[in-house]
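We have chain A already, so just place chain B on it with the hints.
There are 2 protein chains.
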Amino acid sequence: MKSYQSLKEQFEMLYHMKHADAILSWDEAVMMPNGGANARQHALSSLRGLSHEKMCSPLMRDTLKSAKEEGLSSAWDIANLRLMEKQYLHATCLPNKLVKALSHATLEAEHKWRTYRAENNWQAFQPYLEKVIGLVKEKAIRLSDTFSLSPYDALLDEFSPGLNTRVLSPLFDTLKEALPTLVEQVLNKQKPLLPFNPPFAIEKQAALGQELMGLIGFDFSRGRLDVSHHPFCGGVSEDVRITTRYDEKEFMTSLMGVCHETGHAMYEFGLPADYLSQPVGQAPCMSIHESQSLLVEMGLCRSNAFIKLLLPKLVKTFGAQPTFSLENLRDHYLNVSPGLIRVDADELTYPLHIILRYELEKRLIEDDLNVDALPALWDEGMKKYFNLSTATDNKNGVMQDVHWPSGAFGYFPAYTIGALMAAQLYEAMEGELGSINQLIDEQRFDVIMAWLRKNIHGYGARYTFDELMRKATGKPLDTHAFLNHVKKRYL
Amino acid sequence: MKSYQSLKEQFEMLYHMKHADAILSWDEAVMMPNGGANARQHALSSLRGLSHEKMCSPLMRDTLKSAKEEGLSSAWDIANLRLMEKQYLHATCLPNKLVKALSHATLEAEHKWRTYRAENNWQAFQPYLEKVIGLVKEKAIRLSDTFSLSPYDALLDEFSPGLNTRVLSPLFDTLKEALPTLVEQVLNKQKPLLPFNPPFAIEKQAALGQELMGLIGFDFSRGRLDVSHHPFCGGVSEDVRITTRYDEKEFMTSLMGVCHETGHAMYEFGLPADYLSQPVGQAPCMSIHESQSLLVEMGLCRSNAFIKLLLPKLVKTFGAQPTFSLENLRDHYLNVSPGLIRVDADELTYPLHIILRYELEKRLIEDDLNVDALPALWDEGMKKYFNLSTATDNKNGVMQDVHWPSGAFGYFPAYTIGALMAAQLYEAMEGELGSINQLIDEQRFDVIMAWLRKNIHGYGARYTFDELMRKATGKPLDTHAFLNHVKKRYL
Chain A
0 MKSYQSLKEQ FEMLYHMKHA DAILSWDEAV MMPNGGANAR QHALSSLRGL SHEKMCSPLM
60 RDTLKSAKEE GLSSAWDIAN LRLMEKQYLH ATCLPNKLVK ALSHATLEAE HKWRTYRAEN
120 NWQAFQPYLE KVIGLVKEKA IRLSDTFSLS PYDALLDEFS PGLNTRVLSP LFDTLKEALP
180 TLVEQVLNKQ KPLLPFNPPF AIEKQAALGQ ELMGLIGFDF SRGRLDVSHH PFCGGVSEDV
240 RITTRYDEKE FMTSLMGVCH ETGHAMYEFG LPADYLSQPV GQAPCMSIHE SQSLLVEMGL
300 CRSNAFIKLL LPKLVKTFGA QPTFSLENLR DHYLNVSPGL IRVDADELTY PLHIILRYEL
360 EKRLIEDDLN VDALPALWDE GMKKYFNLST ATDNKNGVMQ DVHWPSGAFG YFPAYTIGAL
420 MAAQLYEAME GELGSINQLI DEQRFDVIMA WLRKNIHGYG ARYTFDELMR KATGKPLDTH
480 AFLNHVKKRY L
Chain B
0 MKSYQSLKEQ FEMLYHMKHA DAILSWDEAV MMPNGGANAR QHALSSLRGL SHEKMCSPLM
60 RDTLKSAKEE GLSSAWDIAN LRLMEKQYLH ATCLPNKLVK ALSHATLEAE HKWRTYRAEN
120 NWQAFQPYLE KVIGLVKEKA IRLSDTFSLS PYDALLDEFS PGLNTRVLSP LFDTLKEALP
180 TLVEQVLNKQ KPLLPFNPPF AIEKQAALGQ ELMGLIGFDF SRGRLDVSHH PFCGGVSEDV
240 RITTRYDEKE FMTSLMGVCH ETGHAMYEFG LPADYLSQPV GQAPCMSIHE SQSLLVEMGL
300 CRSNAFIKLL LPKLVKTFGA QPTFSLENLR DHYLNVSPGL IRVDADELTY PLHIILRYEL
360 EKRLIEDDLN VDALPALWDE GMKKYFNLST ATDNKNGVMQ DVHWPSGAFG YFPAYTIGAL
420 MAAQLYEAME GELGSINQLI DEQRFDVIMA WLRKNIHGYG ARYTFDELMR KATGKPLDTH
480 AFLNHVKKRY L
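These protein sequences, in sequence, are chains A and B.
Position 33 (the first sequence) corresponds to 32 in numbering that gives the first Met the number 0; numbering is contiguous.
Position 289 (the second sequence) corresponds to 288 in numbering that gives the first Met the number 0; numbering is contiguous.
Check before you lean on any hint, since a few could be wrong.
Copies of one chain are not kept apart here, so a pair can be met inside one copy or by any two copies together.
The calculated BS3-like cross-link candidates involving lysine-lysine, where the alpha carbons are at most 27 Å apart (straight line), are [said to hold, decoys possible]:
#	residue 1	residue 2
1	Lys-53	Lys-1
2	Lys-17	Lys-99
3	Lys-111	Lys-188
4	Lys-1	Lys-96
5	Lys-64	Lys-53
6	Lys-188	Lys-307
None of these hints come from the bench; they were simulated from the model.
In isolation and in its complexed conformation, chain A is listed as follows:
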């Protein structure tokens, strides 16, 4: 156990570096004045370089080798050692030159993306994206060799260990078959929305957001709510920093955004305390993370029971309004509206945005799809899934997301896998606990969170998402629960 102990210490140190990185990154998004950006970039890059150096050190290599010969008995330790080795292989299989080139190319492409997206200038942007994709393919091939996965599966595995196209494609095929019809049915029966009366003061939105966080179980002695341009859940499990953004003209986005990020936060709070500093104690998988935020946002906080809780709070916070009614509030929060922009999409059309990206990025990585074909293929996909066209509106088409220029290929599917997991977990939870709507009615979020902690949060990275789903729900991930849920909710 001596080598394994030494490994644990080395990984604990890496965890402390991640702590620094997470808080500095939060500060950058939430607190930092603009003039500090350059110095912060350099500081973060040194910190990451140092972590990488420690991870790739001969000490790490040698202790890993001898720890594997020691023979561990605890299942936690065995899983931990397996994850340590995976992280080591991941860090060492990519040549430094490639890592640097990728880091440089993505920084440049993100920067150009900001300019050229605003100008709707695909021509100028394309070579930067091409460069990123070229390097991502090189990386995918290295990972593919190391982990014996196909190149695109190797990228998927980075964000969601165990996820692959063999699992994904049939799930997505079912969804893309079912959803367009469903959306049409919903649009045919959907009533027009009655508008609310702005303004909704920001301080009041913030206070109400914090009240909802407290209701769900957010521990304010271990976290904060702040404001950033793009909402996120950051910080560390011991000190979770979630953010939202406010608009005086409407309260819906900030409140539901807070509920979503609180779902991420509850997962972080619930990770196994004894292993937090170890790979096995940390959140392993973007899909599971997203399942937790969506379960809270979509499953719990857009439910009838929650809207019933919310209504009197809205009246107390903003004063009564003629259109503050259960029915109208529900209509607003469950409005289905196909549109060009993924981040504005509703629960029902969101997966179609993801499927479009999945199909294209898979071909980019594995089939040598030419980057210059993207705008036309995007338009084609939008027509097929949404009856909408982006034509030459690339700003709101292929150029809308920062993910690709920033090199994140294999990430998008996590959003929809998370949605499927959330629905399937909700169903299993209801099977054990009885009506979730009733628990929300009684404000027993503690009971719901205890179930999630026991079945998901508390396992950390011990299982892949597939093993976790089988343990928690008795079956592998499929689309039934999600499709049942949306049919029940929207039809």
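Only chain B this time, still in chain A's reference frame:
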């Protein structure tokens, strides 16, 4: 130059680690929820351990050695290399065991100090302080051997390079001779203060504080003002974070605190941009730092001209009050009031608090003064300098400051050396620029700051405080300017 280039890169990386440390420490004091404390301590301690490891590495040793043989030509580079070597020697001359023991003992003593100070329990606190002092003496002897300084001078040199008892003692002797009589004279002529009418809303104090910062020249694109329990100037030169604290019952502390910290911030902003990541580009000396905050606070912001600027702003912010008059405001801001507590002391009595501490800590380090003699000696000193007694009130006597339990011996003199420097720099600046009061009248803080940048800030750590004073004022540091200033202001 190859080795020197490599050294510069190594020190740049250490600077990035300091960046991370500074922002994490700021966050800890300003943003962090209580529950995050333990994880943060561990993260900071790993970060510092890693920096120490890099500083003490064979690579550092070897490149230092070969860089010294390369022969540098630029004065900046020569100064930089000298400082690099000093930092290396400082880090390597202390055995790891001692560093760890000191870190452990000071953490423990600070922790006990919080409890036992509140309980006025000297008996229980004494052994923890003794342990710290024992280890500080060990450290002082090591530093003394390495840098050929007496043990206490070696500690002084850590905070204010070049400061020593040969310089300090005569300056302090003059002050302790002159100040008690001066204080008595002021007390005899001082009028009673007319109270202001609270409350003074915190948001309004904060807005006015930011207005004053802007007036002095604080660059909000490179810094922030926030709230913390103890006001400080933190962050990094590219992103300076100052803090203050508010009390609705009075506005004077927060406003003057903001001016003080803005003085520190202006120094950080003015450091030489080309060398920021190198030892020679960073603020080298607590005494110089304190001179800049005191020059702004005491020299500029408690002046008649500034109070004339402030008055209409106060009226605009809080509404008119019968006692908002130039004379009464001035009386408040220049009130002399001998008391037990250093941090509450005015400009005139503050040095006496420092001298008492200096005399005691010097004996603790160099003369084997017994720790159990401190309460009686403290009481004796208070009687001698202030006509006040602490008797058994150790909470407001020897136990009032956290500096000693936290191991900071040799730090206190910086406060008073800073005050002497501030007065002497003010005098020299007035000799060159003409009436400073008139510049303040005309709101030409840019002219004042340009002089400070040229004569102090822009030199970074290139000179010791003594060299800097000779360059900026034409003579070594003495007490004349300070005593002239306080006589003119208070008599």
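Comparing the hints with the structure gives:
1. Lys-53 - Lys-1: The answer is both: 19 Å in one copy and 25 Å across copies each meet 27 Å.
2. Lys-17 - Lys-99: Cα proximity of Lys-17 and Lys-99: in one copy and across copies (19 Å, 23 Å).
3. Lys-111 - Lys-188: This pair counts as neither: shortest intra-copy Cα distance 43 Å, inter-copy 69 Å.
4. Lys-1 - Lys-96: Answer is between: at 22 Å across copies they meet the 27 Å cutoff, but 34 Å inside does not.
5. Lys-64 - Lys-53: Classified as both; 16 Å inside a copy, 26 Å across copies.
6. Lys-188 - Lys-307: within (23 Å within a copy, 70 Å between copies)
The structure does not agree with numbered hint 3 stated previously, though it agrees with all others.
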